[in-house]
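Whenever a hint applies, use it, and build me the whole structure from the sequences.
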Amino acid sequence: MSLRKTLFVICLILTVLCLAAGYGIAGQWMGALLAILIGPAWLLARKYPGSRLPLVCLLVTVGFAVAGRLIGSPPLLMIFASAAALAVWDLVYLDSALGNHSSAEQTRHYENRHLQSLTLALGSGLLATLLGHFLKIQIPFLVWMLFIALILFALDRVWGYIKKTGGA
Amino acid sequence: MNEKTPTIGLVAVFLLIAALITRNGDIAWMILPFLAFLMVGILQTPDLERVSLHAKRSWEQSRTNGIISIVVKLVVQNKGPEAVHLFMEEIVQPGMKITDGELNQWVTLRPGETTELNYAFTAARGNFSWKSIRTRVSDPLGLIETELLLPDNTTIQVRPQIKKFKGISLRPRSTLHSPGSIPARIGGSGTDFFGVREYHPGDSLRTLDWRLTARHPRKFFTKEFEQEEIAEIGLILDARRNADLQIRGESLFEHGVSAAASLAEMFLHQGHRVSLFVFGENMLRAFPGYGKRQLHRIMSCLSKAKIEKENSALGNLDFLPIRMFPPHALILVISSLMPSDRYLFQRLRAYGYQALLVSPDPIDFAYPALSQDTTNQLAIRAARIERRLRLNAIAQLHIPVVDWQVDQPLFPLVRNALTRSRGQREL
Numbered sequence: 657m658s659l660r661k662t663l664f665v666i667c668l669i670l671t672v673l674c675l676a677a678g679y680g681i682a683g684q685w686m687g688a689l690l691a692i693l694i695g696p697a698w699l700l701a702r703k704y705p706g707s708r709l710p711l712v713c714l715l716v717t718v719g720f721a722v723a724g725r726l727i728g729s730p731p732l733l734m735i736f737a738s739a740a741a742l743a744v745w746d747l748v749y750l751d752s753a754l755g756n757h758s759s760a761e762q763t764r765h766y767e768n769r770h771l772q773s774l775t776l777a778l779g780s781g782l783l784a785t786l787l788g789h790f791l792k793i794q795i796p797f798l799v800w801m802l803f804i805a806l807i808l809f810a811l812d813r814v815w816g817y818i819k820k821t822g823g824a
Numbered sequence: 009m010n011e012k013t014p015t016i017g018l019v020a021v022f023l024l025i026a027a028l029i030t031r032n033g034d035i036a037w038m039i040l041p042f043l044a045f046l047m048v049g050i051l052q053t054p055d056l057e058r059v060s061l062h063a064k065r066s067w068e069q070s071r072t073n074g075i076i077s078i079v080v081k082l083v084v085q086n087k088g089p090e091a092v093h094l095f096m097e098e099i100v101q102p103g104m105k106i107t108d109g110e111l112n113q114w115v116t117l118r119p120g121e122t123t124e125l126n127y128a129f130t131a132a133r134g135n136f137s138w139k140s141i142r143t144r145v146s147d148p149l150g151l152i153e154t155e156l157l158l159p160d161n162t163t164i165q166v167r168p169q170i171k172k173f174k175g176i177s178l179r180p181r182s183t184l185h186s187p188g189s190i191p192a193r194i195g196g197s198g199t200d201f202f203g204v205r206e207y208h209p210g211d212s213l214r215t216l217d218w219r220l221t222a223r224h225p226r227k228f229f230t231k232e233f234e235q236e237e238i239a240e241i242g243l244i245l246d247a248r249r250n251a252d253l254q255i256r257g258e259s260l261f262e263h264g265v266s267a268a269a270s271l272a273e274m275f276l277h278q279g280h281r282v283s284l285f286v287f288g289e290n291m292l293r294a295f296p297g298y299g300k301r302q303l304h305r306i307m308s309c310l311s312k313a314k315i316e317k318e319n320s321a322l323g324n325l326d327f328l329p330i331r332m333f334p335p336h337a338l339i340l341v342i343s344s345l346m347p348s349d350r351y352l353f354q355r356l357r358a359y360g361y362q363a364l365l366v367s368p369d370p371i372d373f374a375y376p377a378l379s380q381d382t383t384n385q386l387a388i389r390a391a392r393i394e395r396r397l398r399l400n401a402i403a404q405l406h407i408p409v410v411d412w413q414v415d416q417p418l419f420p421l422v423r424n425a426l427t428r429s430r431g432q433r434e435l
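Residue numbers (the numbering used here), protein chains in the order written: chain A, 657 to 824; chain B, 9 to 435.
Quick caveat, the hints were computed from the structure, so don't treat them as lab data.
Keep in mind that a hint or two might mislead.
Anything over 10 Å on all C-beta distances counts as not near chain A; from chain B, calculated [to be verified]:
| no. | residue |
| --- | --- |
| 1 | 163 |
| 2 | 164 |
| 3 | 189 |
The following label-pair restraints were derived from C-beta to C-beta distances [stated by the list, open to error]:
| no. | chain 1 | residue 1 | chain 2 | residue 2 | range |
| --- | --- | --- | --- | --- | --- |
| 4 | B | 11 | A | 658 | 18 to 28 Å |
| 5 | A | 761 | B | 76 | 27 to 37 Å |
| 6 | A | 658 | B | 107 | 20 to 30 Å |
| 7 | B | 299 | A | 658 | 50 to 60 Å |
| 8 | B | 295 | A | 706 | 47 to 57 Å |
| 9 | A | 786 | B | 90 | 29 to 39 Å |
| 10 | B | 109 | A | 808 | 43 to 53 Å |
| 11 | B | 81 | A | 786 | 48 to 58 Å |
| 12 | B | 312 | A | 755 | 33 to 43 Å |
| 13 | A | 659 | B | 312 | 46 to 56 Å |
| 14 | A | 705 | B | 388 | 47 to 57 Å |
| 15 | B | 295 | A | 658 | 58 to 68 Å |
| 16 | B | 327 | A | 707 | 43 to 53 Å |
In silico EDC-like pairs for lysine to aspartate or glutamate, Cα to Cα no more than 20 Å straight-line [what the hints assert, rightly or not]:
| no. | chain 1 | residue 1 | chain 2 | residue 2 |
| --- | --- | --- | --- | --- |
| 17 | B | 105 | B | 68 |
| 18 | A | 703 | B | 11 |
| 19 | B | 64 | B | 97 |
| 20 | B | 81 | B | 68 |
| 21 | B | 87 | B | 155 |
| 22 | B | 81 | A | 761 |
| 23 | B | 314 | B | 289 |
| 24 | B | 87 | A | 761 |
| 25 | B | 314 | B | 252 |
Don't be surprised by glycine CBs; every beta carbon is placed ideally from N, CA and C.
What follows is the structure in structure tokens.
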């Protein structure tokens with residue numbers, strides 16, 4: 657089994673386990689059962705990557721994580737579940753793009769670079785999340801609003817950059 | 009940009025709204041992995057001004073059991089100073105049947121590194137041309153993609169299949185004054201005895217008829233030989249939508265193309281001057297010429313010939329520019345024939361051309377695909393009578409007609425028709 661497939665399985669198990677454990681800890685056994693059912697849905701999404709199924713699965717998983725947090729599941733499990741879902745979603749597309757053509761050296765190199773970037777992105781994101789979660793800082797409402805405005809501005813800049821660089 | 013970036017943005021906005029509505033900080037923290045994913049992608053997006061790629065497409069053609077197989081190789085080299093994450097994709101054109109290899113691949117090219125994309129395709133006939141190689145440069149996560157069309161002009165021409173015909177000894181009404189193989193019915197420097205005439209100063213002494221000279225004192229006679237010249241031949245291929253028929257993936261037009269190619273090859277091989285006109289939405293022509301270069305021109309036209317969409321202006325052959333062909337040429341029309349086409353043949357006769365119609369039989373071609381019920385049988389019978397009347401109308405113009413059932417060999421039919429036409433002329 658190639659590295660990307662191994663990582664897909666690990667991340668998928670992590671997503672399902674985190675969600676199921678979170679709902680289980682909150683005493684929502686029905687939720688835990690539904691969370692387990694997300695696993696087969698992801699496998700189906702991997703089979704049909706050209707459909708909207710991967711997007712739906714990602715939204716459902718993140719939605720489950722949000723709902724789990726709201727009903728009192730441990731926040732770290734939900735954050736890990738959503739981050740792992742992001743990795744699963746990305747690996748579905750990577751697997752679809754590479755298919756069975758990963759024999760060439762340059763294609764293997766591309767796969768390795770992709771996986772390294774994914775690890776970097778998720779690692780830094782989770783690290784920042786953990787730091788933010790453990791360092792309890794009382795942020796005033798005004799600062800929150802400024803932070804949101806900053807995010808929206810950043811997203812706008814990103815969009816502008818994409819347009820400028822001719823991304824189609 | 010592909011659909012990954014909007015998806016990440018959508019999830020981030022969804023989480024932000026959820027966090028604001030529920031005023032839950034933990035949900036807000038969930039955004040960070042998604043934003044980090046987006047940022048890593050954006051930060052690693054290559055600067056297009058520093059990307060320098062060189063592409064080349066090469067190909068080899070081979071023929072196995074009459075099927076032409078073309079192996080295409082796309083080579084892309086990174087000439088820039090940085091590694092590039094690249095998606096290469098080949099543009100498949102209509103008529104190409106991919107038999108082997110890959111049509112796209114994701115690669116990472118370090119500076120100076122080269123990658124190849126190999127595939128093979130078969131095609132019955134066609135002109136396949138590319139002006140560029142399509143690539144997409146992106147970050148390693150594939151979030152922001154930019155399409156780059158790397159210039160590369162390549163044309164692959166798959167010529168129609170030629171059936172080698174033996175030579176036909178033509179006797180056209182008029183010949184072209186150039187040494188060839190057709191007896192021209194005029195005295196000159198040939199091999200066959202033509203006649204005797206009085207000696208003219210300058211005649212070679214070797215051609216003096218000594219016996220006749222001996223019988224006529226003080227007079228000299230010279231033997232004349234029949235001059236051998238070449239023929240002027242024009243081919244007209246009908247490429248109108250209505251003249252074609254597609255049955256079970258096979259096209260009647262392709263048989264016509266193959267016939268035109270085989271006849272052109274045979275006539276050029278015999279040394280005649282041949283021209284071609286393809287009458288359809290795209291008018292293609294090869295002006296009169298000789299030899300291998302002319303064969304190349306004709307094959308190039310035939311490989312490009314295709315049936316386009318229906319055009320009412322091309323309903324009949326009235327608009328065919330027949331004056332493109334030199335006067336008194338032998339014109340071979342390859343057409344399955346439509347009701348109004350008779351006027352073309354009248355015009356050909358009026359302009360003094362000698363004509364021959366090779367008509368692939370559409371009824372016989374479609375027959376195996378039709379159900380054998382009574383109604384169909386009657387319809388087929390009626391269609392056959394109608395076609396026979398149409399062909400007879402053309403034959404009445406003293407134009408030989410070849411009613412060609414495409415599963416039969418064409419050569420004997422054409423040979424017989426041309427021989428018969430000689431007989432008709434002599435009558």
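Hint check results:
1. 163: holds (27 Å)
2. 164: Consistent with the label, residue 164(B) stays out of reach of chain A, its closest Cβ about 23 Å off (over 10 Å).
3. 189: The claim holds: residue 189(B) sits with its nearest Cβ about 57 Å from chain A, beyond 10 Å.
4. 11(B) / 658(A): 18 to 28 Å: holds (24 Å)
5. 761(A) / 76(B): 27 to 37 Å: Holds: the Cβ-Cβ distance is about 32 Å, inside 27 to 37 Å.
6. 658(A) / 107(B): 20 to 30 Å: Check passed, 27 Å falls within 20 to 30 Å.
7. 299(B) / 658(A): 50 to 60 Å: Taking Cβ atoms as reference, residue 299(B) and residue 658(A) lie about 58 Å apart, which means the hint holds.
8. 295(B) / 706(A): 47 to 57 Å: holds (50 Å)
9. 786(A) / 90(B): 29 to 39 Å: With Cβ atoms ~33 Å apart, the hint holds.
10. 109(B) / 808(A): 43 to 53 Å: Given a distance of about 47 Å, which is inside 43 to 53 Å, the answer is holds.
11. 81(B) / 786(A): 48 to 58 Å: holds (50 Å)
12. 312(B) / 755(A): 33 to 43 Å: With a Cβ separation near 35 Å, residue 312(B) and residue 755(A) satisfy 33 to 43 Å, so the hint holds.
13. 659(A) / 312(B): 46 to 56 Å: holds (49 Å)
14. 705(A) / 388(B): 47 to 57 Å: At roughly 51 Å between Cβ atoms, residue 388(B) and residue 705(A) fall inside 47 to 57 Å, so the hint holds.
15. 295(B) / 658(A): 58 to 68 Å: 60 Å Cβ-Cβ, so the 58 to 68 Å window holds.
16. 327(B) / 707(A): 43 to 53 Å: Hint holds: Cβ distance 50 Å, inside 43 to 53 Å.
17. 105(B) / 68(B): Judged against 20 Å, a Cα distance of about 16 Å means the pair holds.
18. 703(A) / 11(B): holds (18 Å)
19. 64(B) / 97(B): Holds, because 13 Å separates the two Cα atoms, which is no more than 20 Å.
20. 81(B) / 68(B): holds (9 Å)
21. 87(B) / 155(B): holds (17 Å)
22. 81(B) / 761(A): The hint holds at about 17 Å.
23. 314(B) / 289(B): holds (9 Å)
24. 87(B) / 761(A): holds (18 Å)
25. 314(B) / 252(B): holds (10 Å)
Against the hints set out earlier in the document, no violation occurs for any number.
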